[in-house]
Amino acid sequence: MDYILSIVVLACINMIAVLGLSIFTGFTGLFSFGHAAFVAVGAYTSAILTYYYSVSFPIALIAGAAAAGLVSLVIGIPTLRAKLRSDYFAIAILGFGEALRVLLENFEITNGARGLPGIDSFTTLPIVLVCLAGGVLIARNFLRSRWGAACIAIREDPIAAEMAGVRLFQTRLLSLVVSAVYCGLSGGLLAHFLSFIQPVMFTLLQSTQLLAAVIAGGMGSISGPLIASFVFIALPEALRVAQMWRLVAYGLLLVLIMVYRPQGLMGYSELSSLFRKKTGEQGGQQR
Amino acid sequence: MTTAQGPLFSVKGLTKNFGGIRAVDSFSFDVGEGSITGIIGPNGAGKTTVFNLVTGIYRPTAGTMLFRGEEIGGNRPDSIVRKGIARTFQNIRLFNRRSCLENVLTPLLQREKCSFIGAMLGTPGARRIEKELYGKALDLLSDLGLGKYASYQANTLPYGLQRKLEIARALATDPTLLLLDEPAAGMNPEETRSLANMIAEVRKKFHVTILLIEHHMDLVMNICSPIVVMNFGTLLAKGTPDEVRENPEVVAAYLGKGKRDNERAAG
Ligand SMILES: Nc1ncnc2c1ncn2[C@@H]1O[C@H](COP(=O)(O)OP(=O)(O)O)[C@@H](O)[C@H]1O
Ligand SMILES: [Mg+2]
Chain A
770 MDYILSIVVL
780 ACINMIAVLG
790 LSIFTGFTGL
800 FSFGHAAFVA
810 VGAYTSAILT
820 YYYSVSFPIA
830 LIAGAAAAGL
840 VSLVIGIPTL
850 RAKLRSDYFA
860 IAILGFGEAL
870 RVLLENFEIT
880 NGARGLPGID
890 SFTTLPIVLV
900 CLAGGVLIAR
910 NFLRSRWGAA
920 CIAIREDPIA
930 AEMAGVRLFQ
940 TRLLSLVVSA
950 VYCGLSGGLL
960 AHFLSFIQPV
970 MFTLLQSTQL
980 LAAVIAGGMG
990 SISGPLIASF
1000 VFIALPEALR
1010 VAQMWRLVAY
1020 GLLLVLIMVY
1030 RPQGLMGYSE
1040 LSSLFRKKTG
1050 EQGGQQR
Chain B
740 MTTAQGPLFS
750 VKGLTKNFGG
760 IRAVDSFSFD
770 VGEGSITGII
780 GPNGAGKTTV
790 FNLVTGIYRP
800 TAGTMLFRGE
810 EIGGNRPDSI
820 VRKGIARTFQ
830 NIRLFNRRSC
840 LENVLTPLLQ
850 REKCSFIGAM
860 LGTPGARRIE
870 KELYGKALDL
880 LSDLGLGKYA
890 SYQANTLPYG
900 LQRKLEIARA
910 LATDPTLLLL
920 DEPAAGMNPE
930 ETRSLANMIA
940 EVRKKFHVTI
950 LLIEHHMDLV
960 MNICSPIVVM
970 NFGTLLAKGT
980 PDEVRENPEV
990 VAAYLGKGKR
1000 DNERAAG
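Going down the list, the protein sequences come from chains A and B. Numbers in my numbering are just positions in the first sequence, counted from 1, shifted up by 769. Numbers in my numbering are just positions in the second sequence, counted from 1, shifted up by 739.
Since the hints were made in silico from the structure, they are not lab data. Predicted, not measured: the structure shown is a model, and the values here were computed from it. Even glycine gets a Cβ: it sits at the ideal position worked out from N, Cα and C. Hints may be right or wrong, so weigh each one.
[Stated by the list, open to error] Where chain B lies over chain A, by a calculated footprint (3+ residues, C-beta under 8 Å):
| hint | segment |
| --- | --- |
| 1 | 903-912 |
| 2 | 928-936 |
| 3 | 1025-1034 |
[To be verified] When the alpha-carbon atoms are kept at most 20 Å apart in a straight line, the in silico SDA-like pairs for lysine to any residue are as follows:
| hint | chain 1 | residue 1 | chain 2 | residue 2 |
| --- | --- | --- | --- | --- |
| 4 | B | K870 | A | G864 |
| 5 | B | K870 | A | Q939 |
| 6 | B | K870 | A | R936 |
| 7 | B | K822 | A | F938 |
| 8 | B | K943 | B | K852 |
| 9 | B | K822 | A | G887 |
| 10 | B | K852 | A | L898 |
| 11 | B | K852 | A | I907 |
| 12 | B | K822 | A | L906 |
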């Protein structure tokens, strides 16, 4: 039971990070191979605060999320300026993620590559569920707001978006910061669930898994990536008995989704709209 | 600070080089407030490039562009939009995977000042603004005869309606000057006629000045005055439809060539 519980908690923590990346990739159309770095910033910031400075858990979580948002500005401001070249960012963040990991391995306060043990395990299932539910609600509100509409417009056509009055650079930057804040929150929850964090937990592999969940779950969808994220975390764990086949199953699942549903599980739609479509309504938009 | 006298929009010596090609070459023209000014010219004459320069998508190599007496050259597209210039695209550029309503809602939302935190938390104030804009977007769609397509995904519409949707989206930015790049492209004569009526109505209803690039000669001759003729990036002629039609240079460069092309296509 404890084992299943911990899988569910881990999956929900991962879903929060995927939710953030979905805003950046699925809704703004920008790709990132480095969002695990923001998870790391959130994890280390919050863990250091509770471990060394006895800061209360909620404050530490918020600080971790905020730190991730700030760090994303450092990488976003120089790279997202390039007008129509969004690939600068994808490449820059790749290097940034690895550089951050090297930094974490060499700082004293992070206890280097050995990792930071003995973090208080404050994270519980109810806390994670509240964070996830709040995260989904805020993401939904964001996407309905002028800022979310601007993000989606940029994904659809950056030039047309500008001619609709969208500020390209500011909107992309905002989308990045929002996504980083989600990842930072996810990191804080993770650190205080595992009680132990290590730089090697936040590598390109983790970044790629976040991106895989967004793409397999479906661009422009909230529910799709959440489902994919859950499956990607829960399935390998459930298959732990068949150790060596875990990664094979993961890879096979990805390939199958891409072959049979290239738009992802829920590309550009939501679970809720599936039910609506059955009633014969056109599209997802209701008055 | 609108200038009481003088044109709404005035372009002088506009030039754009692409590497070795001079796509626009010391091009000058004025757009009078309230007019429907037409730009015609053979393919590759540089008409679309002029629109891209005016809307800040390209930076001019040289020249000035005064909108209501203010220089707009070098401004970013979104700030030019906010100053009151909107456009449609020759190759339709809609937010394809969004509904018609959302296409129009997007620019409406961008004009709205609302609190970020309020919007994230879904406060009643934010909801109210959202509802209001929904209503406005729907009205705009209805004005252009797209009311019943509000929930359709934009790229599922036939081309003619997509072009109308682009006009609706442009109007949602609340423009003073509306640039239309070949709005009748791909339309049959009947659709073109109905579009001409619609453009005239739009001008009246939304109090916009219109600058229109068009290949359909009937459309241009019927609703545009004055007409500016472009050839090889330069101004070839300008005047009323009749003046332009009778200008021998225009006939040689554009109408004549067009006729030859038609004959070749027919034969
Ligand atoms: N981005 C660009 N890069 C290079 N050449 C361009 C670009 N845009 C337009 N041109 C060239 O400028 C000329 C004018 O094109 P355009 O303005 O599209 O003509 P029109 O709209 O009158 O048919 C053409 O020779 C075209 O190839
Ligand atoms: Mg053109």
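Evaluated hints:
1. 903-912: Check passed, 4 qualifying residues.
2. 928-936: Contact hint for the segment 928-936 of chain A vs chain B: holds, 9 residues under 8 Å.
3. 1025-1034: violated (count 0)
4. K870(B) to G864(A): 44 Å, violated
5. K870(B) to Q939(A): 25 Å, violated
6. K870(B) to R936(A): 23 Å, violated
7. K822(B) to F938(A): 19 Å, holds
8. K943(B) to K852(B): 28 Å, violated
9. K822(B) to G887(A): 58 Å, violated
10. K852(B) to L898(A): 33 Å, violated
11. K852(B) to I907(A): 19 Å, holds
12. K822(B) to L906(A): 35 Å, violated
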